[in-house]
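S.K.: The primary structure of each chain is shown beneath.
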Amino acid sequence: MKKNILGILGLFIFIFGFTAVSNENFLSAYNLQNLVKWSSLYAIMGIGVAFVIITGGIDLSIGSVIGLVASLMALMVRSEWNPTVAVLVLIALSVGIGLVHGLLVTKMKLQPFVVTLCGLLFYRGISRWTTDNQSMGYGDTETLNSFFSGKMAIGSFGLPAPFFFLVVVAILAGIFLNRTIWGRYLLALGNNEEGARYSGIGTDRLKITAYVICSFLAGLSGLLFAYELDSVQPAQTGEFYELYAIAAAVLGGCSLRGGQGTILGVIIAAAVIRLLRNSINLLGISTHLEYAIIGMVILCGVAADEIIKRVMARRRTAQVTSAKK
Amino acid sequence: MKKNILGILGLFIFIFGFTAVSNENFLSAYNLQNLVKWSSLYAIMGIGVAFVIITGGIDLSIGSVIGLVASLMALMVRSEWNPTVAVLVLIALSVGIGLVHGLLVTKMKLQPFVVTLCGLLFYRGISRWTTDNQSMGYGDTETLNSFFSGKMAIGSFGLPAPFFFLVVVAILAGIFLNRTIWGRYLLALGNNEEGARYSGIGTDRLKITAYVICSFLAGLSGLLFAYELDSVQPAQTGEFYELYAIAAAVLGGCSLRGGQGTILGVIIAAAVIRLLRNSINLLGISTHLEYAIIGMVILCGVAADEIIKRVMARRRTAQVTSAKK
Amino acid sequence: SPKTSNEGSIAYVTNGIDPFWDLCAAGVHQAEAEFGVKCEIHMPTKGLADQKSILETLLAKGIKGIAVSPIDAENQTPFLNEAAKQTVLITHDADAPKSDRQLYIGTDNYKAGRALGQLIKAAIPDGGEVMIFVGRLEQLNARQRRQGVIDELLDRPHQTLGQVKFDEVAKVFKGDKYTVLDTRTDNFVMDTAKSNAEDAITKHPKLACMVGLFAYNPPRCLEAIKEAGKLGQIKVCGFDEQDDLLQAIKDGNAQGTISQQPWKYGYQSVRVLKALVDGDTSVIPDNRFIDVGYKIVTRENIDEFWAEKRKMAELGAQ
Amino acid sequence: MGDTQTPLLEVTALEKQFPGVRALHNVDLTLNRDEVLAVVGENGAGKSTLMKILAGVHTSDAGTIRIEGKETVIHSVRDAQAQGIALIHQELNLAGNLDIAANIFLGNEPHTAGFIDRGRIHAEAAGHLKRVGLNFPTDTLVADLTIGHQQLVEIAKALSVDARIIIMDEPTSSLSQTETENLFKVVHDLRSQGISIIYISHRLGEVMVLADRVVVLRDGENAGELADNQISHNAMVKLMVGRDLSQFYQRNATEPGSVVIEAENLRTPAHPRSGLSFSVREGEIVGVAGLVGAGRTELLQTLFGVTPAVGGTLKIDGKVIHPRTPLEAIQSGIVLAPEDRKQHGLILEMSVRENASLPRLRMDQKAGAIDFSAEIEVAAGMVEKMDIKTPGLEQVVQYLSGGNQQKMVLGKWLAMKPRLLLLDEPTRGIDVGSKQEIYRLMEELAAGGVAIMFVSSEMEEVLGMADRALVMHEGVITGELNRDQLSEEAVMQLATGNKAAA
Ligand SMILES: Nc1ncnc2c1ncn2[C@@H]1O[C@H](COP(=O)(O)OP(=O)(O)OP(=O)(O)O)[C@@H](O)[C@H]1O
Ligand SMILES: Nc1ncnc2c1ncn2[C@@H]1O[C@H](COP(=O)(O)OP(=O)(O)OP(=O)(O)O)[C@@H](O)[C@H]1O
Ligand SMILES: [Mg+2]
Ligand SMILES: [Mg+2]
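Chains as they are written, first to last, in the numbering used here: chain A, 105 to 429; chain B, 105 to 429; chain C, 307 to 624; chain D, 106 to 607.
Worth flagging that the hints you see were computed from the coordinates, not collected in a lab.
Incorrect hints may have been included.
Result set (DMTMM-like, lysine to aspartate or glutamate): computed pairs, CA atoms no more than 20 Å apart in a straight line [as the list claims (entries may be wrong)]:
id, chain 1, residue 1, chain 2, residue 2
1, C, K617, A, D236
2, C, K352, A, D236
3, B, K255, C, E388
4, C, K477, B, D236
5, C, K556, C, D482
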């Protein structure tokens, strides 16, 4: 398992080193704080979708769920809901969305791609409709603001709130996936669903859990993004994020065929994607080239990973053979 | 196979009837011409991605390929290339893109989702960069204009050029898929790649062909869209189209697990998606709700299809029982 | 038919979905009440293809008048001419001067850009480094605004709208006092908008002023500055009228903004369409251009402006 | 413990219906304490379905299940586990991405509050592995094991559950003699510990050795029962197929013709250091014997171009070839009926017609167009010649019984008129009737001048069908036995790497 991380870690170190050498300001506290903040936000989404990907599914609705949660939060703030209640209601909504996805996938046997593609369209539509597509802010909810987007000073370095969320989410996710029976069941069912079922594992329930985790983390990200940006554009907030989340998960070692994934890998991959952007901006590369570079680097990363795996497999074969002699 | 089409055909007839009754102008020649035109454009993309989906793959880069081809065409027109040469070069480029996707998927064994996601980012970046992200037109290339977006009058009804392209593409695709050995091989490998390989089928070459067909049709769509809209926005043209194309393919009976698909189904599904939009606009429903409605209808369509399939399976069971008595 | 139907006899078509357009919608509603017409509002989701098919549908429906903000005016001209044959057609926000549209309701974005340039000069009278942030540079209004800002800061001569020459993107422009560093685009992705601002602060420690050309850009700049602890140190100037920006102007954290008073687009469009549909051509001025102008909003007039915006926002939400 | 008179398990009037198939009708079954009960029947007789119902994978449509006289409903695998029923499935159901220990305890991990007790899992797994005779570290990934080894892991998994009824659905289908004998020991052990076993196998020889009683199913219904002293090969066959099957192996070797295939120092990627040399002649049937993991499958796959050779030469009819893909191999006249027929042999979701014609399409095409009439002719001819039981040419292959599926795998190659036919475990999981037909076909083909190489883990089959046998051990051909040298002892000696005996 550990091998999966090597490629992406190498990529991270390479870009990090390259940018640090090329631009003196890269290592400034302010820049690193921002890098940590955005990486954390992306990583939380990535971890969510990683669970779904491990079951062999996919979730394209993440960005729209983020937009919906951010939009509704703004509406609620405006209607002077109690902030805590609003947050709880929205978290419950996210969980509900995941539940619906899970039920449609397991009980109705619809394809995850289709279910969540419809979700992508539907939640976006609902965001626009309920808010009349007005951008809104979160003006006066100061406690929530510092909870979701505050900073904790450690020397001159201010650790951003999303980072703490990430730490909690990552630890829980890591424990869940690697130390508990449910995590193991998830890995097993992602590899061989029938086999898992024959072993007495409630595969449907676990799959639903994966979708719930994913939507829950998308909803949480929605709140974090909302308070980070302090504003929501119902038609735009979160658009396209699912692709970044999936890219992070896959680059971080999840196979879309299911059954494989590490939390640490996803986090590093999310950091790589954000780092790339930061680097492009700091190096003053044309803003128009940004997408082209990100696409190219991800592809190279994945290809390098594949090549490393193959070389290792060949070496393993050679070892087995020589061991037998 | 025929059963797969029933659900979507029913949906089409229902929305068509409903809109025709609700709005008197729906059946006007002008409106139907436009409906035919847009449906044809979507269907051509859908047919392309259907080939890839049949192999069990996916292509997320369609929209970006459309944007790239449309952008480069505009650049070439501006630099006064010979229009025919420009078209041929761009078609060759599309084929080349498909070839690269296919090679990466088969020889490098990278996941189609990842390869084409990187393509999505990369080609979009290249479009923006080469054009400096400026909107451009296709001013003086009159022959190409009438070739790609002219109309042929049949009584008061003007059949739009994309429709003729669709007819040719659909007939060729239908023959290829259902009448030639390669179509059969494609279906076989989509169902069981290893099994197909053991039967002496050159699976890699066929898969590459599928990606080539898909990118080729995306490139063709790029030209059709370009001349239909007479303008290109490098950062925007074609954005999101891959999702509509995939939705059309899936709604039209392709399974993302591979091995299944009908050309006719894809065409009808593309028409349903366009029809929905037309209907929403004609009925004057809030544009903010548009996405929500499309998402909901696709989901219902897919769910209804699944239910029909189940009922049929159950009926089959019942028949066997009574036959045995 | 569905409850949400807003079927009307005239239509107001935007170039996309943006809060800006919802403020325009406020003007539409205002005029609807005043002139007793019903106006459909259509916002194409994804670009030109969407806009075209919406226009086609409206024509199919036999709509009596359309006000449209063309996405690519120059190349859409033939199609707009087709439309003008079938209905009363006017343009708003962006013009298609070579088309047969009856008239254009809008502002001169180049001039507005120059006004923004003057705001910047007022913000950093001693000169310094300026950086521009925008959603997309392919939109004509974005390019015009940007050019206006650059020309003003470099004290270049005035250009005429419609013949503006645009400078390339990845280039630094150095004037006597002011340096325009770079223009970063974010494709309407909010986190990119913010991180672009952050990265600019990181990269250019001597940055003196951040300029946001689209509504959501200035607030993102403000947040980045605030988190960098440089509030007041780096000035902010912008376009449009998002609440966060208005608040910052009020608090003295931003210099000011250029508002196009979007509701005026909506209001004027409906007023003119209604008249034209009724056969009253007296609303057409000789130069076929109704300039709704722009408003320079600074600390002086912020309260009055904000009050009006609030009123309009409420109306737009109906 | 309790009343010894009431049977441990009693199933009455069980019914089960699948879409389009009535799998079980009015089936009764009793299992006593300390008993090894064999259940036999042709492919598709309903054996696995019955067992899956007992294990909670399927639910029955009607009928009752009593355990120790108490009526019990089994709705889920968990229910079955709670009743102490463990099933070793016919198909492998392991998670390849997990290690051996994780697989053995999958669904039954010792845990506290959900946290897996890893130490215990690995410690206990090692014990279970030892019992089934598998010498791998418990943290070996299951994906790295051969099918045979995976099957041993499945067996270990069933042992790990504290069960009183263990059902084994064709546990030996991928096992060779040694592993099978090891399993027999395990079964005897279990019975002596008071655990009852239901044992399903198409290898009737095993049934005779192991079973205390035999229940026979036919077409989803009870066809009869044989008590300990009645069990014989013929009696079982008669109940299964409803008639006598005489003369099981009918190899009448004729003088072989010219050399068809000749390998010299051929090196497979799995065992790149050992060169394999052998030849097969026209009309010859050569068996390849060896233990699980000896490299036999690899050898056939290399000949067929699936895993291209890494060295050595291969000649067909004297001409040197280097097959790099199955297509190239087929074009040189080499065809393979693979070991894993569901994964490699057939396109399960396609019809009989489409499967039958798949390799031949290329030959009957007209400018790429499928010749539909030729296709139907080929398929119909094959169904008739191979006597494949199917309701029609459009039947989806998935719904055919295992034996008929295997006949399809063979059949689709016969139309290609191969020079060399490679068969990997040709009768794995196939009932006696179908087995006999497959032997008859091999015989016919050999008589027609085809060279045949077949891999088999079933000793009887090798002894009965081979004109000559190659025996492999850890990737090396340890010896070659002519028909008059062929004996169980000779094969076993070579298969365990003991060259001296040859
Ligand atoms: N899930 C299923 N769906 C539909 N039909 C099924 C299913 N499982 C089994 N069948 C059918 O039920 C019948 C009994 O199958 P079963 O697997 O029980 O036979 P079996 O006796 O175990 O045969 P074999 O010896 O080949 O393993 C067959 O006709 C089979 O095709
Ligand atoms: N996927 C794999 N990964 C690692 N090693 C493998 C793999 N497949 C096979 N091997 C090794 O290759 C060798 C040959 O395996 P092969 O399947 O060819 O044996 P076999 O004699 O055909 O056995 P069986 O009777 O199980 O078919 C074995 O030592 C096995 O451990
Ligand atoms: Mg069975
Ligand atoms: Mg084998």
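S.K.: For the pair supplied as a hint, K617/C and D236/A, confirm whether the alpha-carbon distance does not exceed 20 Å.
M.R.: Status holds; Cα separation ~15 Å.
S.K.: For the pair supplied as a hint, K477/C and D236/B, is the alpha-carbon distance within the 20 Å limit?
M.R.: Measuring from Cα to Cα gives roughly 12 Å; hence the hint holds.
S.K.: Given the hint that K255/B pairs with E388/C, does the C-alpha gap stay at or below 20 Å?
M.R.: At roughly 14 Å apart (the allowed maximum being 20 Å), E388/C and K255/B satisfy the hint.
S.K.: Hinted pair, alpha-carbon criterion (20 Å max): K352/C, D236/A. Please report holds or violated.
M.R.: Since the Cα atoms of K352/C and D236/A sit roughly 18 Å apart, the hinted pair holds (cutoff 20 Å).
S.K.: Within 20 Å, alpha carbon to alpha carbon, are K556/C and D482/C?
M.R.: Violated, at roughly 31 Å.
Taken one by one, the earlier hints fail for this structure only at number 5.
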